[in-house]
Amino acid sequence: MSKHGLLIEYEYCFGCHACELSCKQEHDLPIGKWGIKLAESGPMQIDEDRWSYNNVPIPTDLCDLCQERVKRGKQPACVSHCQAGVMKFGTLDELIKYMEIKTKAVLFVPRAPVNI
Amino acid sequence: MESMKWRWQEGDMTVTRTTPWTGPGCHNGCGLLVYSKDNQIIKVEGDPETPFNQGRLCPRCLVLRKVVHHPDRLTHPLKRVGKRGEGKWEQISWDEAYDTIVDNVRKIQQEYGPEAISVWHGTGRNVWHLGAKICYSGFGSPNVTSLLSGLACYGPKIVQNTMTAGFLPLPDCSQMFADRYYNPNWKNPECLIIWGNNPFVAHADSVRGDWFIECLKRGSKLIVIDPMLTWAGSRADIFLQLRPGTDAAVALGMLHVIIGEELYDKEFVEKWTEGFDRLKERVKEFTPERVEEISWVPKEKLIAAARLYATSNPAAIQWGVTVEQHKNGMSNILAIQALWGVTGNVDVPGGNILSQPEYFYRVPRFTWGWEDIPKEMRQKRIGAKEYPLVTIALCDLVYDAIEYGKPYPLKMAWLQGTNPIATIAMDPRRLHRIMQENMDFVVVLDLFMTPSAMAWADIVLPVASALERDSIRTENYGNAWWGPIRAVNKVIEVGECKSDEQIILDLGKRLNPKAFPWENVDEMLDFELERAGITIAELRDQGIPYYPFEYKKYEKGKLRRDGQLGFETVTGKFMFYVKQMEDLGLDPLPFWEEPPQSPVSTPELFKEYPLVLTTGARRWGLFHSEHRQIPEMRELHPDPEVIIHPDTACEYGIRDGDWVWIENNYGKCRQRAKLYLGQHPKVVNAAHGWWYPEKPGPEPSLFGVLDVNINQLLKPGEFGPTGFCAPYKSNICKIYKATEVD
Numbered sequence: 000m001s002k003h004g005l006l007i008e009y010e011y012c013f014g015c016h017a018c019e020l021s022c023k024q025e026h027d028l029p030i031g032k033w034g035i036k037l038a039e040s041g042p043m044q045i046d047e048d049r050w051s052y053n054n055v056p057i058p059t060d061l062c063d064l065c066q067e068r069v070k071r072g073k074q075p076a077c078v079s080h081c082q083a084g085v086m087k088f089g090t091l092d093e094l095i096k097y098m099e100i101k102t103k104a105v106l107f108v109p110r111a112p113v114n115i
Numbered sequence: 000m001e002s003m004k005w006r007w008q009e010g011d012m013t014v015t016r017t018t019p020w021t022g023p024g025c026h027n028g029c030g031l032l033v034y035s036k037d038n039q040i041i042k043v044e045g046d047p048e049t050p051f052n053q054g055r056l057c058p059r060c061l062v063l064r065k066v067v068h069h070p071d072r073l074t075h076p077l078k079r080v081g082k083r084g085e086g087k088w089e090q091i092s093w094d095e096a097y098d099t100i101v102d103n104v105r106k107i108q109q110e111y112g113p114e115a116i117s118v119w120h121g122t123g124r125n126v127w128h129l130g131a132k133i134c135y136s137g138f139g140s141p142n143v144t145s146l147l148s149g150l151a152c153y154g155p156k157i158v159q160n161t162m163t164a165g166f167l168p169l170p171d172c173s174q175m176f177a178d179r180y181y182n183p184n185w186k187n188p189e190c191l192i193i194w195g196n197n198p199f200v201a202h203a204d205s206v207r208g209d210w211f212i213e214c215l216k217r218g219s220k221l222i223v224i225d226p227m228l229t230w231a232g233s234r235a236d237i238f239l240q241l242r243p244g245t246d247a248a249v250a251l252g253m254l255h256v257i258i259g260e261e262l263y264d265k266e267f268v269e270k271w272t273e274g275f276d277r278l279k280e281r282v283k284e285f286t287p288e289r290v291e292e293i294s295w296v297p298k299e300k301l302i303a304a305a306r307l308y309a310t311s312n313p314a315a316i317q318w319g320v321t322v323e324q325h326k327n328g329m330s331n332i333l334a335i336q337a338l339w340g341v342t343g344n345v346d347v348p349g350g351n352i353l354s355q356p357e358y359f360y361r362v363p364r365f366t367w368g369w370e371d372i373p374k375e376m377r378q379k380r381i382g383a384k385e386y387p388l389v390t391i392a393l394c395d396l397v398y399d400a401i402e403y404g405k406p407y408p409l410k411m412a413w414l415q416g417t418n419p420i421a422t423i424a425m426d427p428r429r430l431h432r433i434m435q436e437n438m439d440f441v442v443v444l445d446l447f448m449t450p451s452a453m454a455w456a457d458i459v460l461p462v463a464s465a466l467e468r469d470s471i472r473t474e475n476y477g478n479a480w481w482g483p484i485r486a487v488n489k490v491i492e493v494g495e496c497k498s499d500e501q502i503i504l505d506l507g508k509r510l511n512p513k514a515f516p517w518e519n520v521d522e523m524l525d526f527e528l529e530r531a532g533i534t535i536a537e538l539r540d541q542g543i544p545y546y547p548f549e550y551k552k553y554e555k556g557k558l559r560r561d562g563q564l565g566f567e568t569v570t571g572k573f574m575f576y577v578k579q580m581e582d583l584g585l586d587p588l589p590f591w592e593e594p595p596q597s598p599v600s601t602p603e604l605f606k607e608y609p610l611v612l613t614t615g616a617r618r619w620g621l622f623h624s625e626h627r628q629i630p631e632m633r634e635l636h637p638d639p640e641v642i643i644h645p646d647t648a649c650e651y652g653i654r655d656g657d658w659v660w661i662e663n664n665y666g667k668c669r670q671r672a673k674l675y676l677g678q679h680p681k682v683v684n685a686a687h688g689w690w691y692p693e694k695p696g697p698e699p700s701l702f703g704v705l706d707v708n709i710n711q712l713l714k715p716g717e718f719g720p721t722g723f724c725a726p727y728k729s730n731i732c733k734i735y736k737a738t739e740v741d
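If you read the sequences in order, they're chains A and B. Note that numbering that gives the first Met the number 0 has the first sequence beginning at 0, numbered continuously upward. Note that numbering that gives the first Met the number 0 has the second sequence beginning at 0, numbered continuously upward.
The hints are simulated quantities; they were obtained by calculation from the structure and are not laboratory data. What you were told as hints is all true, and nothing was included just to trick you.
Once the Cα atoms are required to be at most 25 Å apart in a straight line, the calculated DMTMM-like pairs of lysine to aspartate or glutamate come out as:
hint: 1; chain 1: B; residue 1: Lys673; chain 2: A; residue 2: Asp48
hint: 2; chain 1: A; residue 1: Lys36; chain 2: B; residue 2: Glu631
hint: 3; chain 1: B; residue 1: Lys78; chain 2: B; residue 2: Asp505
hint: 4; chain 1: B; residue 1: Lys186; chain 2: B; residue 2: Glu266
hint: 5; chain 1: A; residue 1: Lys32; chain 2: B; residue 2: Glu631
hint: 6; chain 1: A; residue 1: Lys73; chain 2: B; residue 2: Asp178
hint: 7; chain 1: A; residue 1: Lys32; chain 2: B; residue 2: Glu640
hint: 8; chain 1: B; residue 1: Lys42; chain 2: B; residue 2: Asp540
hint: 9; chain 1: B; residue 1: Lys694; chain 2: B; residue 2: Asp706
hint: 10; chain 1: B; residue 1: Lys220; chain 2: A; residue 2: Glu10
hint: 11; chain 1: B; residue 1: Lys384; chain 2: B; residue 2: Glu717
hint: 12; chain 1: B; residue 1: Lys220; chain 2: A; residue 2: Asp48
hint: 13; chain 1: B; residue 1: Lys298; chain 2: A; residue 2: Asp46
hint: 14; chain 1: A; residue 1: Lys70; chain 2: B; residue 2: Asp11
hint: 15; chain 1: A; residue 1: Lys36; chain 2: B; residue 2: Glu640
hint: 16; chain 1: A; residue 1: Lys87; chain 2: B; residue 2: Asp178
hint: 17; chain 1: A; residue 1: Lys101; chain 2: B; residue 2: Glu189
hint: 18; chain 1: B; residue 1: Lys298; chain 2: B; residue 2: Glu280
hint: 19; chain 1: B; residue 1: Lys513; chain 2: B; residue 2: Asp102
hint: 20; chain 1: B; residue 1: Lys300; chain 2: B; residue 2: Glu592
hint: 21; chain 1: B; residue 1: Lys65; chain 2: A; residue 2: Glu67
hint: 22; chain 1: B; residue 1: Lys508; chain 2: B; residue 2: Glu370
hint: 23; chain 1: A; residue 1: Lys36; chain 2: B; residue 2: Glu634
hint: 24; chain 1: B; residue 1: Lys667; chain 2: B; residue 2: Glu402
hint: 25; chain 1: B; residue 1: Lys65; chain 2: A; residue 2: Asp27
hint: 26; chain 1: A; residue 1: Lys103; chain 2: B; residue 2: Glu189
hint: 27; chain 1: B; residue 1: Lys572; chain 2: B; residue 2: Glu554
hint: 28; chain 1: B; residue 1: Lys384; chain 2: B; residue 2: Glu402
hint: 29; chain 1: B; residue 1: Lys82; chain 2: B; residue 2: Glu95
hint: 30; chain 1: B; residue 1: Lys220; chain 2: A; residue 2: Glu39
These stretches of chain A come out as covered by chain B in the derived footprint (C-beta under 8 Å, 3 or more residues):
hint: 31; segment: 12 to 25
hint: 32; segment: 32 to 46
Just a sample of chain A residues kept apart from chain B, beta carbon distances all over 10 Å, derived:
hint: 33; residue: Ile57
hint: 34; residue: Thr59
hint: 35; residue: Gly89
hint: 36; residue: Glu93
hint: 37; residue: Ile95
hint: 38; residue: Glu99
hint: 39; residue: Ile100
hint: 40; residue: Val108
Glycine included, C-beta positions come from ideal geometry on N, C-alpha and C.
Take these sequences, add in the hints, and give me the full structure.
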């Protein structure tokens with residue numbers, strides 16, 4: 000049993016809300032409640048040819064990393080449905096190794112479900 | 000083909016493998032696993048076994064259960080008992096609904112002739128051939144139509160590319176292979192152009208946006224051509240921010256550079272194309288300097304984009320509906336397709352590929368039932384004589400038929416999966432008035448009571464959603480890719496809703512039993528699949544048949560029906576001009592023309608309306624006028640938004656979130672201001688398809704539709720010379736803050 004997390008390579012997150020809505024469906028969350036929520040930064044013009052424009056989904060305190068689902072051998076709902084294929088679920092050991100070779104990535108360790 | 004399980008139990012839930020095709024609307028039909036229990040949808044997940052979407056899903060399917068089980072769903076046939084638009088309805092049986100329809104059809108046929116009956120459709124993907132079948136074989140009328148000016152959505156692209164290449168070329172994102180990006184024959188495009196499209200939001204025309212992400216991850220360079228910097232633009236190596244409606248000029252400018260600098264594929268051009276010298280002559284005048292003046296695109300960037308595209312091998316272009324939503328749309332299409340023509344990126348791995356004949360000729364097309372119409376009646380199709388390239392009744396002339404009875408009156412409308420007062424119709428107030436005044440009998444088939452149903456319907460029929468329907472995914476609306484053929488499998492039932500197939504079959508049997516000989520829907524689907532050589536039962540078990548895909552089919556005699564080498568066109572070559580247009584006395588080469596109303600074509604008017612208006616850009620999760628009653632979607636989009644550059648907003652004293660009027664010489668509407676730095680300061684981008692299901696339905700409210708409908712600023716009749724394409728995305732307007740009195 001080891002600690003788990005959620006890694007997001009946000010270079011290619013295009014902000015489609017699939018993570019938010021798959022989470023709402025999985026956990027039957029009502030309007031106004033979210034298990035994960037997109038944050039948008041930009042667009043901000045850096046120079047003539049470059050823009051900074053990033054989306055990062057952030058797990059809320061309702062996120063339990065889909066404990067029940069994962070026990071059934073599935074990926075968390077947001078990871079399964081992420082259209083850009085930029086979310087990874089795994090143990091911190093493997094995700095940290097992955098972080099070492101990536102840029103524009105962020106690793107979340109939500110509080111709720113520590114051990115799966 | 001391997002067999003594939005399509006239904007099983009997981010605990011107390013039944014899992015059904017299917018595809019949402021359609022109602023609610025969708026362009027793609029991704030693979031779904033639907034979890035249900037006791038006639039209730041518990042959840043909808045992406046099917047990881049479907050190569051098309053690989054388990055990924057967009058917001059539309061992730062709220063599908065909320066659509067299916069929404070309390071506002073129509074669940075019984077209704078008949079109008081008050082005045083039109085008064086909102087007084089009485090529940091009736093299906094038998095009474097069918098009897099009423101048959102009585103009215105017979106009455107109108109006798110009084111005005113069958114041609115007075117029209118079938119209207121929207122974007123519902125597996126509805127078109129059914130609407131056609133009931134129109135042609137059931138009503139006996141040649142007038143299938145769509146209230147979209149210039150039929151400015153996909154049809155023009157398909158027709159134009161069928162004339163120039165035989166099929167509609169697609170960016171090759173490995174979609175032809177079940178093993179996708181790992182297929183050894185596929186190459187990743189070295190350069191991708193995304194032209195007038197936000198594929199990540201739109202997921203249009205059986206192309207998923209995330210396929211381009213997979214290409215970018217594998218190293219594709221990206222050129223984005225768009226009036227607004229979207230997220231895609233921020234990831235572009237070169238971003239060309241063009242003035243709306245100047246696409247043809249930009250493409251001709253790129254061709255000027257590519258041909259002038261001899262960066263084109265001489266071997267392909269010489270051996271496989273026709274009309275290159277004429278094209279070369281035409282592009283001479285489109286110097287980068289002149290194109291900059293027309294399009295606002297700096298000449299250095301235009302040159303860089305042309306060089307990057309032409310020197311990348313292979314390179315692919317993805318385009319949006321944008322290119323055809325201008326009066327000059329056919330030229331936009333012709334100019335852009337010349338780019339892949341001159342660079343030889345035709346049907347090569349990682350270029351623009353031609354889907355192959357196995358995907359066509361196999362199931363009924365949108366002409367299903369046409370053979371049942373007598374020859375004299377065919378010629379009565381509205382616009383048939385004036386615009387022979389358009390194969391359905393031309394929308395803009397349909398307005399005149401309803402209003403003035405010219406060339407003859409239209410007295411019955413059958414609206415199947417379309418909500419034109421909220422979505423596609425230009426000048427919706429005119430449409431509303433002439434429908435109220437002149438249309439004798441209106442039937443609307445839909446999932447919900449829409450503003451159009453409320454405003455006009457005499458009979459409303461409740462339609463089964465994609466999860467309540469046995470059907471087939473893949474339609475042949477022309478020589479275009481629609482993805483692998485698949486079974487749509489019914490999961491549950493809601494109220495007395497019936498599928499589009501069932502309704503057409505029931506009614507067809509009453510109107511013309513000979514043309515509807517099938518005992519049930521499965522038999523009808525078997526007929527539809529006859530040429531594909533399988534039955535619906537076999538298709539369900541087979542899962543997702545992928546046919547072997549070959550590149551460079553023109554070198555192998557695999558594109559033409561006669562088996563010869565080359566393309567299925569009039570000359571057997573890839574065409575840089577359109578012979579069929581030349582024969583009609585039209586300019587057969589791509590040309591540049593200003594939009595009907597623009598800073599250049601109407602400079603005086605532009606002083607009063609000093610912003611360029613573009614409409615209809617897709618918003619996350621919303622499909623045209625659908626989804627406005629789904630709480631999760633409204634949580635994302637409470638109101639329609641007009642996207643304005645902050646400097647422009649500041650000039651007019653507008654803050655983020657303010658209600659603003661958008662107005663021009665044709666009309667006005669209100670939307671909320673969204674300030675956005677990626678917008679061009681001279682352009683505003685208004686949302687389409689809005690109405691408020693929570694507001695009163697009866698007149699004069701009509702769910703608030705005319706308060707916010709941007710199409711009030713657009714005028715029908717401004718379509719292009721072929722009859723195709725119309726300026727949905729290139730007009731002018733002014734904006735000002737709405738006061739509390741408004």
